[in-house]
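Under our numbering, the first residue of the sequence shown carries the number 1, and numbering increases by one thereafter.
Keep in mind the hints are simulated off the structure, nothing from the lab.
It is possible that part of the hints are untrue.
Computed list of lysine-lysine pairs in DSS-like fashion (alpha-carbon distance at most 30 Å, straight line) [claimed, not checked]:
1) 72 <-> 23
2) 44 <-> 23
3) 72 <-> 93
4) 44 <-> 72
5) 23 <-> 93
Label pairs and their calculated CB-CB ranges [said to hold, decoys possible]:
6) 53 <-> 30: 35 to 45 Å
7) 48 <-> 21: 23 to 33 Å
8) 51 <-> 26: 25 to 35 Å
9) 84 <-> 19: 28 to 38 Å
10) 52 <-> 6: 37 to 47 Å
11) 6 <-> 55: 31 to 41 Å
12) 22 <-> 51: 24 to 34 Å
13) 7 <-> 48: 31 to 41 Å
14) 27 <-> 51: 37 to 47 Å
15) 52 <-> 8: 18 to 28 Å
16) 50 <-> 90: 35 to 45 Å
17) 27 <-> 61: 29 to 39 Å
We put the CB at the ideal spot given by N, CA and C, even for glycine.
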Amino acid sequence: MSRTLRLAQPIIWIEVNPPLLAKGGYRASDIERRLEAYNYRFFKPHFRRNAIGIPSLTLEPYRDIDARLAGKMADLVAVVPGSAGWQRILNSKIRLIEGELSPCIIS
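Model the full structure from these sequences, guided by the hints.
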């Protein structure tokens, strides 16, 4: 898996379930830390429909997953800035909210 993450840098859509992770002895931050080691950044997807029902997707930068989720489940998107997946997002109709994309310092 590490080879795929390093070389292919796929876009990852993941459901993060803190209660289930805790049963296995893990935290959401373990996922965050593991993927950030491969330069992934996290985004929370927001789906909306306009007045006539046309759907849109917005990605909001999302960091410090444990604190922000506060034990609740959420879908997150992980992508490496500058990767082919990142370029596909930028060239699509997906709206990307401006935010911090620099690497996290994890102690």
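We went through each hint and held it up to the structure:
{"no.": "1", "hint": "72 <-> 23", "in the structure": "14 Å, holds"}
{"no.": "2", "hint": "44 <-> 23", "in the structure": "24 Å, holds"}
{"no.": "3", "hint": "72 <-> 93", "in the structure": "28 Å, holds"}
{"no.": "4", "hint": "44 <-> 72", "in the structure": "13 Å, holds"}
{"no.": "5", "hint": "23 <-> 93", "in the structure": "38 Å, violated"}
{"no.": "6", "hint": "53 <-> 30: 35 to 45 Å", "in the structure": "39 Å, holds"}
{"no.": "7", "hint": "48 <-> 21: 23 to 33 Å", "in the structure": "28 Å, holds"}
{"no.": "8", "hint": "51 <-> 26: 25 to 35 Å", "in the structure": "42 Å, violated"}
{"no.": "9", "hint": "84 <-> 19: 28 to 38 Å", "in the structure": "34 Å, holds"}
{"no.": "10", "hint": "52 <-> 6: 37 to 47 Å", "in the structure": "43 Å, holds"}
{"no.": "11", "hint": "6 <-> 55: 31 to 41 Å", "in the structure": "33 Å, holds"}
{"no.": "12", "hint": "22 <-> 51: 24 to 34 Å", "in the structure": "41 Å, violated"}
{"no.": "13", "hint": "7 <-> 48: 31 to 41 Å", "in the structure": "34 Å, holds"}
{"no.": "14", "hint": "27 <-> 51: 37 to 47 Å", "in the structure": "40 Å, holds"}
{"no.": "15", "hint": "52 <-> 8: 18 to 28 Å", "in the structure": "38 Å, violated"}
{"no.": "16", "hint": "50 <-> 90: 35 to 45 Å", "in the structure": "22 Å, violated"}
{"no.": "17", "hint": "27 <-> 61: 29 to 39 Å", "in the structure": "20 Å, violated"}
When held up to the earlier numbered hints, the structure conflicts with 5, 8, 12, 15, 16 and 17 and fits the remainder.
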